[in-house]
Structure formats: C-alpha cells, structure tokens
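Sequences are here, hints too, so could you generate the full structure?
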Amino acid sequence: MALPDKNKPLILIVDDERIIADTLSMILSRSGFSTMTAYDGLAALEIARSTPPDLVISDVMMPGMTGVELAITLAQSVPTCRILLFSGQAATVDLLEKAREAGHTFTTLTKPVHPTDMLKRVSECLSQKNAANLQSYPVDDSSRPATYALN
1 MALPDKNKPL ILIVDDERII ADTLSMILSR SGFSTMTAYD GLAALEIARS
51 TPPDLVISDV MMPGMTGVEL AITLAQSVPT CRILLFSGQA ATVDLLEKAR
101 EAGHTFTTLT KPVHPTDMLK RVSECLSQKN AANLQSYPVD DSSRPATYAL
151 N
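Sequence positions in the sequence shown follow this note's numbering and run 1 to 151.
Worth double-checking, as some hints may not be accurate.
To be verified - Straight-line alpha carbon distances no greater than 25 angstroms define the calculated SDA-like cross-link-like pairs of lysine to any residue that follow:
#, residue 1, residue 2
1, 111, 75
2, 98, 39
3, 111, 6
4, 6, 51
5, 8, 47
Think of the hints as simulated: they come from the structure by calculation, not from any bench.
In structure tokens:
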C-alpha cells in the first residue's frame, strides 16, 4: 500500500463488496482525498490503528465484524477519526438502535447514494472533525452523472 499524502484528508473505505469499496476509493481519490481500502472490519481495524485516518466510511452489514462493531471499536481505539456508516439494508436500523442505546451515535448514509451526495457528506464529516480550523472540502457538481449511484 502506498503511503498517503499527508496534505490530503485520509479516508479509509470499508466494504465487503470489493467493487463498492474500490469504486468509492476511485471517486474520493479523484476528488482530492487520499484513500485506503479494507474489505472486512478486522482488516480495517488493523489499518486504522497503524495509519489513523481522518474518516472511516464503512458499510454496516459485513460478515464477521459489522460496521457498527467496527465503529464502536474505532471510536475507542482511534478517537480522532470520524466515522460514516452506510447501508441499504433494513437490518441496519436495529444495529444502529442497539448502538444508540449503548451510548454510541454515528453519522449514517443510505444506499444507494449518488457520488455527489457521498462527497457532500464526506465534506461535512471532515469539516466537523476540523471545526477548529473551519476547513471544508469543496464538491464539484459540474460532472454529476445522472444515472450513477453507489449501491
């Protein structure tokens, strides 16, 4: 894995569907972010602990460690990173509700999601992380394809 560019926000993308993780990585890289990918929660945890990202974008429903379990563990072990969970499955609601009852709240996004909407949410998450310097990351809407969505 190449070393991330320290001048760009580092985003770790986690999804057991490789095509989704790789596509999201490509979109974010082309939008000026450094990215790393993992295809399961345990690999993501190992990567995040060795190279702490600014933001983790994780699918919720994954075999082994769910995205919610990953988010809870990351919130404790890498508290400086923001977490954005996304899923298209109804079972996600139950997992997130259990996490809320245990005192954990995470930003969520529902699949399918248009890349521009994903970029806006990423920018919001990173802006919250960097509220002290009020840094935000612009989203270029000019090339928004009408029929493309991450699902």
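Taking the hints in turn, this is what the structure says about them:
no.: 1; hint: 111 <-> 75; in the structure: holds, 23 angstroms
no.: 2; hint: 98 <-> 39; in the structure: holds, 24 angstroms
no.: 3; hint: 111 <-> 6; in the structure: violated, 30 angstroms
no.: 4; hint: 6 <-> 51; in the structure: holds, 11 angstroms
no.: 5; hint: 8 <-> 47; in the structure: holds, 17 angstroms
In summary, the structure is inconsistent with hint 3 from the numbered list given earlier, while agreeing with all the others.
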